Amino acid sequence: MWKEIGDRERGILRPKSFTTRIKSNRIRTLQISNHKDIVSPHRASINSLQVDLTEGRYLLSGAADASAAVYDVQRATDYEAGGLIAKHKCLFVVDKQHEHGHKYAISSAIWYPVDTGLFITGSHDHHINVWDTNTTQVVMNFKMPGKVYRTAMSSLATTHMLIAAGTEDVQVRLCDIASGAFSHTLSGHRGNKKFIKNNQSYRMLPIYNIEESCLAFKYNIAFFMVDGVMTVEWSTSSEWVLVTGGCDGAIRFWDIRRAGCFLVLDQSHSQLGRRPTIPEHSATNKALTSKSLSSGQNLNAKPRAQQRKLANGNGTKQSPVGRMPAKGSLRQRLHPGMLSSLDRATAHYGAVTGLKATEDGMYLLSAGSDSRLRLWDVESGCNTLVNFETVRLQAGKPIQLATSQDSDLVFVPCMTAVKAFDVWSGNTSQTFRGHYEYVNSCWFSSQEQELYTGGNDKQILVWSPSRLIADEMDEGPAQDRDNWSD
Amino acid sequence: MIMEEGREKGGGKVLSLIEKATNSTAAEVDPRLLKAIKSVVRYSDMELRLAANTLLDLMKRDHSQVRYLTLLIIDELFMRSKLFRSILVDNLDQLLSLSVGFRRTLPLPAPPAVASILRSKAIEFLEKWNSSFGIHYRQLRLGFDYLKNTLKLQFPNLQANAARIQQERAERERRSREILLKKFEMFKDNFSSIKEEIMSTIDEIGECLDIVRTNEEFMPLPPADDEYFEEFRSSELLQIRLNTLKEGEKVHENSDNKVVFDALRELYKLLETKHLVAVQEWISVLLRVEVADNRFRDSALKELIDIQNRLKSVKKKCEESGCALPNTANRDGEEDDFWEEGKIGSLESERSTVPNKQDEAFSMKVTPNKFKNRTPESSKKDCNDNEILSAEGGETNLDPLRSKLLAEAPVMNWGSFLDNWGSNRKVLTNQRGLELESHWGRVDYDTVIPAEKMPELNVHATLYEEQQTDIQPCRAPLSKGGLCQRRDLRVCPFHGPIIPRDDEGKPLNQNSLKEEISLDLGIDSIEQLAKQAVKNVRARDKEVSNKREIDKKSLKRAKLAKIREHNETVLRDAALTSTSRSASIGEDMGVADGEKPSARNKKETLSSMLHKKVTPKDRIAQRLLNSRAKDSTTRQLTLGEDANYREAFPNQWQ
Numbered sequence: 001m002w003k004e005i006g007d008r009e010r011g012i013l014r015p016k017s018f019t020t021r022i023k024s025n026r027i028r029t030l031q032i033s034n035h036k037d038i039v040s041p042h043r044a045s046i047n048s049l050q051v052d053l054t055e056g057r058y059l060l061s062g063a064a065d066a067s068a069a070v071y072d073v074q075r076a077t078d079y080e081a082g083g084l085i086a087k088h089k090c091l092f093v094v095d096k097q098h099e100h101g102h103k104y105a106i107s108s109a110i111w112y113p114v115d116t117g118l119f120i121t122g123s124h125d126h127h128i129n130v131w132d133t134n135t136t137q138v139v140m141n142f143k144m145p146g147k148v149y150r151t152a153m154s155s156l157a158t159t160h161m162l163i164a165a166g167t168e169d170v171q172v173r174l175c176d177i178a179s180g181a182f183s184h185t186l187s188g189h190r191g192n193k194k195f196i197k198n199n200q201s202y203r204m205l206p207i208y209n210i211e212e213s214c215l216a217f218k219y220n221i222a223f224f225m226v227d228g229v230m231t232v233e234w235s236t237s238s239e240w241v242l243v244t245g246g247c248d249g250a251i252r253f254w255d256i257r258r259a260g261c262f263l264v265l266d267q268s269h270s271q272l273g274r275r276p277t278i279p280e281h282s283a284t285n286k287a288l289t290s291k292s293l294s295s296g297q298n299l300n301a302k303p304r305a306q307q308r309k310l311a312n313g314n315g316t317k318q319s320p321v322g323r324m325p326a327k328g329s330l331r332q333r334l335h336p337g338m339l340s341s342l343d344r345a346t347a348h349y350g351a352v353t354g355l356k357a358t359e360d361g362m363y364l365l366s367a368g369s370d371s372r373l374r375l376w377d378v379e380s381g382c383n384t385l386v387n388f389e390t391v392r393l394q395a396g397k398p399i400q401l402a403t404s405q406d407s408d409l410v411f412v413p414c415m416t417a418v419k420a421f422d423v424w425s426g427n428t429s430q431t432f433r434g435h436y437e438y439v440n441s442c443w444f445s446s447q448e449q450e451l452y453t454g455g456n457d458k459q460i461l462v463w464s465p466s467r468l469i470a471d472e473m474d475e476g477p478a479q480d481r482d483n484w485s486d
Numbered sequence: 001m002i003m004e005e006g007r008e009k010g011g012g013k014v015l016s017l018i019e020k021a022t023n024s025t026a027a028e029v030d031p032r033l034l035k036a037i038k039s040v041v042r043y044s045d046m047e048l049r050l051a052a053n054t055l056l057d058l059m060k061r062d063h064s065q066v067r068y069l070t071l072l073i074i075d076e077l078f079m080r081s082k083l084f085r086s087i088l089v090d091n092l093d094q095l096l097s098l099s100v101g102f103r104r105t106l107p108l109p110a111p112p113a114v115a116s117i118l119r120s121k122a123i124e125f126l127e128k129w130n131s132s133f134g135i136h137y138r139q140l141r142l143g144f145d146y147l148k149n150t151l152k153l154q155f156p157n158l159q160a161n162a163a164r165i166q167q168e169r170a171e172r173e174r175r176s177r178e179i180l181l182k183k184f185e186m187f188k189d190n191f192s193s194i195k196e197e198i199m200s201t202i203d204e205i206g207e208c209l210d211i212v213r214t215n216e217e218f219m220p221l222p223p224a225d226d227e228y229f230e231e232f233r234s235s236e237l238l239q240i241r242l243n244t245l246k247e248g249e250k251v252h253e254n255s256d257n258k259v260v261f262d263a264l265r266e267l268y269k270l271l272e273t274k275h276l277v278a279v280q281e282w283i284s285v286l287l288r289v290e291v292a293d294n295r296f297r298d299s300a301l302k303e304l305i306d307i308q309n310r311l312k313s314v315k316k317k318c319e320e321s322g323c324a325l326p327n328t329a330n331r332d333g334e335e336d337d338f339w340e341e342g343k344i345g346s347l348e349s350e351r352s353t354v355p356n357k358q359d360e361a362f363s364m365k366v367t368p369n370k371f372k373n374r375t376p377e378s379s380k381k382d383c384n385d386n387e388i389l390s391a392e393g394g395e396t397n398l399d400p401l402r403s404k405l406l407a408e409a410p411v412m413n414w415g416s417f418l419d420n421w422g423s424n425r426k427v428l429t430n431q432r433g434l435e436l437e438s439h440w441g442r443v444d445y446d447t448v449i450p451a452e453k454m455p456e457l458n459v460h461a462t463l464y465e466e467q468q469t470d471i472q473p474c475r476a477p478l479s480k481g482g483l484c485q486r487r488d489l490r491v492c493p494f495h496g497p498i499i500p501r502d503d504e505g506k507p508l509n510q511n512s513l514k515e516e517i518s519l520d521l522g523i524d525s526i527e528q529l530a531k532q533a534v535k536n537v538r539a540r541d542k543e544v545s546n547k548r549e550i551d552k553k554s555l556k557r558a559k560l561a562k563i564r565e566h567n568e569t570v571l572r573d574a575a576l577t578s579t580s581r582s583a584s585i586g587e588d589m590g591v592a593d594g595e596k597p598s599a600r601n602k603k604e605t606l607s608s609m610l611h612k613k614v615t616p617k618d619r620i621a622q623r624l625l626n627s628r629a630k631d632s633t634t635r636q637l638t639l640g641e642d643a644n645y646r647e648a649f650p651n652q653w654q
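Protein sequences, first through last, are from chains U and G. According to the UniProt record's numbering, the first sequence holds residues 1 to 486 in order. According to the UniProt record's numbering, the second sequence holds residues 1 to 654 in order.
Because the hints were derived from the structure by calculation, they are not lab data. It cannot be assumed that every hint is accurate.
With a Cα cut of at most 35 Å, we get these calculated DSBU-like pairs of lysine-lysine [stated by the list, open to error]:
id, chain 1, residue 1, chain 2, residue 2
1, U, Lys36, G, Lys38
2, G, Lys20, G, Lys38
3, G, Lys562, G, Lys531
4, U, Lys23, U, Lys89
5, G, Lys148, U, Lys87
6, U, Lys36, G, Lys148
7, U, Lys89, G, Lys121
8, G, Lys630, U, Lys89
9, U, Lys96, G, Lys148
10, G, Lys121, U, Lys36
11, U, Lys89, G, Lys152
12, U, Lys103, G, Lys38
13, G, Lys562, U, Lys147
14, U, Lys36, G, Lys553
15, G, Lys316, G, Lys188
16, U, Lys96, G, Lys152
17, G, Lys531, U, Lys23
18, G, Lys312, G, Lys183
19, G, Lys316, G, Lys258
20, G, Lys531, G, Lys553
21, G, Lys128, U, Lys36
22, U, Lys87, G, Lys82
23, U, Lys89, G, Lys269
24, U, Lys87, G, Lys20
25, U, Lys103, G, Lys152
26, G, Lys188, G, Lys302
27, G, Lys38, G, Lys182
28, U, Lys36, U, Lys16
29, U, Lys89, G, Lys148
30, U, Lys36, U, Lys23
31, U, Lys87, G, Lys128
32, U, Lys36, G, Lys480
33, G, Lys20, G, Lys121
34, G, Lys82, U, Lys3
35, G, Lys426, G, Lys404
Please read these numbers as outputs of a predicted model, since none were measured by experiment.
Modelling step: build the complete structure from the supplied sequences, incorporating the hints.
Here's what the structure looks like:
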C-alpha cells in the first residue's frame, strides 16, 4: 500500500488507477468482520440483500418471515465489548404485523434506484409492494399471477420506472410505478410443468435437473418442476434491455420497446475464450487476468476495446439490436418471430437461478440449478466457456450474485459458503465460510469494499477488508494473545 | 500437503505425537503426550500450523474416540495459542459439524457412547471459547449463536451459572452485613444497660459466695499430708487422693445455706445461659461488623472482652466453690442420656429447641454436652459419681444379657396388641375414651374384661407371606459363551424346557430333555407305581382284587407311555430341524472359530470400540423377533397343553 502511495505522490500513478489498486488490494483481504455486526431482526432465511445505489449506506434485507429491514451500514447503533464490536441494528422493519405487510416470504427487496425514498418488495404471497421509506407505508401494490421470485429495476432508466418481476408464471411482467399497471407482459419462456406422481406419496418436491428427475423416478417420489421465471436483471448498458432467466433453462434478452425477445442465449453456441475488456488506462486487472489470456486473444484486444468504448459512449441512446453489424441483419430479420430452433436454445440444464450483468454491460454471469456458472458475451450471445470451479449451487431458490468493482471478481453463494471467482479465469480467489446454512444472497458494496451475505441461518454477515495494523493495536478490554502456561 | 512440507523441513515431530495421543481408548489424552505436543508447538509456528491441520484432519476420522481425543487437544491449544485460534475459527463450521454432529447428513460416527460425550464436550468447549475469545472472533460468536438460537441446543451455561452463584453470594453477604449493622446499632443503644445487668449479676454472685464462705470459714481444713503423698506413687491413686482432698475442702450444702445456694445456682444459670452467650455473641458481632467509626467499636470490644474474662473467672469461682450446681448438672446429664439414644435426629431436634440461632453459640452449647457423656466432667463427678459408675457397670452387665435376650426375642410387627404385651391386668371396658351416654341403656363404667380373656382378644394376626421360591435359571449354553441366566418357571422361550444342567450347560439327563413336557406326570406315575407296589405287597392278603386292578392300570399306563414316547420322538425330530437351538448351534461353531476367543483376550483398541456391544436387550430382541424362536416357543407351550389330551387319547393323535 505504501508503495502505491509513494507512486501516487511522485505522480507515477494516476488517481483512478491508484484508487483501483487500493480497492483491489482491500478486496483481496476480505474476511469476516469482527468489528461490524448486523443484528438481523429476521426469524427466517434472508432472501435478498441490497445496499442503496445512491448513498451506499442503507442495506435493505428481505427475509422469508415476510419481513424487510433497513440498516445503516456506516453508522453503528451501539457498541459492544468496549467499542470493539459495532452493532448495526435495523433502522426499521416491516413485517407481517404491518397492516399492508406481506403474508408470506419476501423473495426480493430492492431499492428504488434513484433515491432511498422508495423500496420494492416482492413476495410469495403474489404481491409486489412499493414502500415509502420514510413513512414505511405501502404506496403501490401489484397483484401478480403467482409467487414473485425476483424483482428488478433498471439503474440507468431515465425514461421509465418499471419493475420487472419474475414470478411463478412464465410471463415476465413489467409493473409501472407511475401508473400502477402492468405495462408489459413478456411471454417467451416456456413452462415445463411436469408432474411425476406415484401412488404412494404425494410429497411435492421441486426438481431442477435431469439427475434429480432420474432419482425421483428411482425412488418413486412425486416431484414437480419449478416453473416460471426465477431471475430478472436489467442491462447495465441500456435502459431498455431486460434479461430474464427462466426455469426452462433459457436466458432471454428483451428490448422493452419491441415485442418478443431478441436474443436467447445458447450454451452450445460458444466462443473460445473471451474478448478482453480491460481498457488500457485501468491496467490493474491486467496483471491478474493476463495470465489466463491466450496470445491469440491478446491480438484481438484493440479492436474489441474500441468497439466497447463505442458501445459505452452511446449505449443508453442506442438500441443494442442495431449495434451488431455482423449479426444484426439476421437478428433483425428474425426478430420478433425468431426461428423456432433458436428460440428453443437453453443456457443451463435446469433452471436459471441467478443473473448478474457486469458493470460495463458487456458480459452476463448466470448461475443455474445444474451447478454451473456461465459467463456470456452479451455482444455475441456466446458462452465464453470459462470454467468456474463451483462445487455445487443451491438449486431450489433464486440466488443473488454480486460482482466487485470493475467486475474482476464475482461472488457466488455456493451452498453454505460464498466463493469469489475470478470472472475471466474462473479460478476461486477466496472462499468465505461463516454461514451455517445455505447462503441465498450476497451484495458487494464497492464504496466500502464490503461484502454482505445473507443465508438460511438468519444471519447477515459483513465481510470487510482486514483492518490496518494501527487499528489492531486498539484491541479493546481483553487482549487476544498467546497464553502458554507450560 | 502441508504435512509433507512439514516433514521435509525436519518438523513433523508434532505429527507423530498427535498420532500417538489420539490412538488410544482412554477417556483422556495422555498428559505427558499433551505436554510434549504443547512444548513442541509453542516454539514453532510451523509446527503449530501443522498441528492445526493435522487435528482438523483427525476430526474427520470415522471414529468418535479419535475425534474426542482430538477435540481435547484442540481445546488445549485453542485456549493457549492465538495463531491456532485464528486457524481454527476459519474452519469452525466444519469443526462444529464434526464434533457436535448437527448436520443431518453428517452424524457422529460410532461408538455412540463416545459420540454423545464428544457432542456434550464440544458444546461445552464452544461455550467456553465463546465466553473467553468471543469478542475477538466473529466466527465463534456466530457458531455459538447458531447452535444456541437456531438449533436450540442446550448449553451447560457454566459462565452464567457461576455469575448467578456469585451474585447470590454477594446478596447473602450484603444481607448479613445489614443484619450485623442493625445488631450493632442495637448493641450501641443497649450497651450500658447490658453492662449494668451483667455487673449486677456478677456482684450478686460475689456476695453469695462471700456469704457461703463466711458461713463455712470455721470448718477446719484437713492439712495436706506430704508423707501421705509419697506413699502413693501411682499417679492414678494420687489423683484420687487429691480429688478427695479437694472434695473435703469444698463447702457443702446444708439446710443453713440452702437459700444462698439456691440463689447462687440461679445466678450461675443466668450467667452461663444468658450473659456468657450474649457477650460472646456481641463480641462476634463487633468483630464482624464494618462501620465507619471504629472508636466505639474498639472500646466496646475491649470492655466486652474484659467482661467476658470476668464472667469466666466468676463462673470458675462458682464451680470451685462447690455450689457446682448439682441440679443443673444433673439435669444436663439426664438430658444428655436422653438425647444420646436418638442419634442424628435428636441432634436436629435439639438444634431446633435451642432458642438462639447463632451458630457459634449453638455449637458451644452442644459440644460440651456431648463431651460430658463420654467423659464425665468434674462437676458431674462431684455429685453422682457413684450413680454413673453403677449405671455404667449395669449397662456393661446388661449388655450381654440384653443381647442374649434380643437374640431370643421374636420379631413382631407393630400392632395394638403390643400395648399390653405380657400384662396380666384386667381391663376396664368402658373407660377407653369412647363415651356412651346411656345410648343403649345403662352403661356400667366398672365393667372389666378379665385378664384371662385378654389374650383371646389380642390374638395376633399375621399376613401370610409367600415364601420366595428360588426359580432355577435356564443355564443353557449360549452362543457367545456363558449360560443363559433367564429364570422361567417351566419353559425358557429360547432354550426350551428348563432341565437340570451341569456347569457347562449340558443337560444332566438326556431322557428328561426328551420327555420334559410330560416329565412330571411320568415321574409321578412311576413313583406312584412303586409306592403302590410296596403297599400292595403288604396288603396283598387284604386286597387282591385291588392289586389286580392296579396292575391293569399300570399296564395300561406303560402302554400309554410307550406310545407317548414314540410320539415325542417324532415330534422332537420334527422340531430339531427348526428350533432356535439347532439353528444357533451352527452359528456358535462359526463364531467360536472366528473372533470370539480373540475378542475376549484382545486389548481394547479403537477398532474394537466400533464393534457394537451386543447388549442383553439386543440379544433378546433378536431372539424374540426370530420367527423360528417364536414358532418353537409356541410349539413348546402348545405341547404342554396338548399333553393331557394326548395322554388320554394316544391312539387318536397318531
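Against the structure, the hints:
Restraint check: the Cα-Cα separation between Lys36 (chain U) and Lys38 (chain G) comes to about 34 Å, which is no more than 35 Å; the hinted pair holds. Proposed proximity of Lys20 (chain G) and Lys38 (chain G) is supported: the alpha carbons are some 14 Å apart, at most 35 Å. Under the criterion of a C-alpha separation no larger than 35 Å, the hint pairing Lys562 (chain G) with Lys531 (chain G) is consistent with the structure, at around 21 Å. Between Lys23 (chain U) and Lys89 (chain U) the CA atoms are separated by roughly 27 Å; this keeps the pair inside 35 Å, and the hint holds.
A threshold of 35 Å between alpha carbons decides the hint, and for Lys148 (chain G) with Lys87 (chain U) the separation of about 19 Å falls inside it, so the pair holds. At most 35 Å may separate the alpha-carbon atoms for a hinted pair to count; Lys36 (chain U) and Lys148 (chain G) meet this at roughly 21 Å. Between Lys89 (chain U) and Lys121 (chain G) the CA atoms are separated by roughly 33 Å; this keeps the pair inside 35 Å, and the hint holds. The straight-line distance between the Cα atoms of Lys630 (chain G) and Lys89 (chain U) is roughly 66 Å, outside the 35 Å bound, and the hint therefore fails.
Restraint check: the Cα-Cα separation between Lys96 (chain U) and Lys148 (chain G) comes to about 25 Å, which is no more than 35 Å; the hinted pair holds. Proposed proximity of Lys121 (chain G) and Lys36 (chain U) is supported: the alpha carbons are some 30 Å apart, at most 35 Å. Distance check on the hinted pair: Lys89 (chain U) and Lys152 (chain G) sit about 23 Å apart at the alpha-carbon level, within 35 Å; holds. For the suggested pair Lys103 (chain U) and Lys38 (chain G), the alpha carbons sit about 56 Å apart, so the restraint of at most 35 Å is broken.
Between the alpha carbons of Lys562 (chain G) and Lys147 (chain U) the distance comes to roughly 86 Å, so the proposed pair goes past 35 Å and is violated. Among the hinted pairs, Lys36 (chain U) with Lys553 (chain G) is inconsistent with the structure: their alpha-carbon atoms are about 104 Å apart, more than 35 Å. With a C-alpha separation of about 29 Å, the suggested pairing of Lys316 (chain G) with Lys188 (chain G) holds against the 35 Å cut-off. Note on Lys96 (chain U) and Lys152 (chain G): the hinted pairing holds, with a Cα-Cα distance of about 24 Å set against a maximum of 35 Å.
Distance check on the hinted pair: Lys531 (chain G) and Lys23 (chain U) sit about 114 Å apart at the alpha-carbon level, beyond 35 Å; violated. Of the pairs offered as hints, the one joining Lys312 (chain G) and Lys183 (chain G) holds, with about 24 Å between alpha carbons and a cut-off of 35 Å not exceeded. Proposed proximity of Lys316 (chain G) and Lys258 (chain G) is supported: the alpha carbons are some 20 Å apart, at most 35 Å. The hinted pair formed by Lys531 (chain G) and Lys553 (chain G) meets the criterion: a straight-line CA distance of about 14 Å does not exceed 35 Å.
This hinted pair checks out: Lys128 (chain G) and Lys36 (chain U) have alpha carbons roughly 22 Å apart, not beyond 35 Å. Distance restraint check for Lys87 (chain U) and Lys82 (chain G): the Cα-Cα separation of roughly 25 Å lies within the 35 Å cut-off, and the hinted pair is therefore satisfied. With a C-alpha separation of about 73 Å, the suggested pairing of Lys89 (chain U) with Lys269 (chain G) is violated against the 35 Å cut-off. The hinted pair formed by Lys87 (chain U) and Lys20 (chain G) fails the criterion: a straight-line CA distance of about 45 Å is larger than 35 Å.
For the given pair, Lys103 (chain U) sits about 26 Å from Lys152 (chain G) by alpha-carbon distance, which is consistent with the 35 Å threshold. For the hint linking Lys188 (chain G) to Lys302 (chain G), the alpha-carbon distance of about 14 Å falls within 35 Å, and the restraint holds. As the CA atoms of Lys38 (chain G) and Lys182 (chain G) are separated by approximately 56 Å, the hinted pair breaks the 35 Å bound. Annotation: proposed proximity of Lys36 (chain U) to Lys16 (chain U) holds, straight-line Cα distance about 28 Å (limit 35 Å).
Restraint check for Lys89 (chain U) and Lys148 (chain G): the C-alpha separation of about 20 Å stays at or below 35 Å, so the hint holds. Restraint check: the Cα-Cα separation between Lys36 (chain U) and Lys23 (chain U) comes to about 19 Å, which is no more than 35 Å; the hinted pair holds. At most 35 Å may separate the alpha-carbon atoms for a hinted pair to count; Lys87 (chain U) and Lys128 (chain G) meet this at roughly 23 Å. About 62 Å separates the Cα atoms of Lys36 (chain U) and Lys480 (chain G), which puts this hinted pair outside 35 Å; it is violated.
Between Lys20 (chain G) and Lys121 (chain G) the CA atoms are separated by roughly 21 Å; this keeps the pair inside 35 Å, and the hint holds. For a cut-off of 35 Å, the pair hint linking Lys82 (chain G) to Lys3 (chain U) stands: about 30 Å separates their Cα positions. With a C-alpha separation of about 31 Å, the suggested pairing of Lys426 (chain G) with Lys404 (chain G) holds against the 35 Å cut-off.
Violation of the numbered hints given earlier is confined to hints 8, 12, 13, 14, 17, 23, 24, 27 and 32; the remaining hints are satisfied by the structure.
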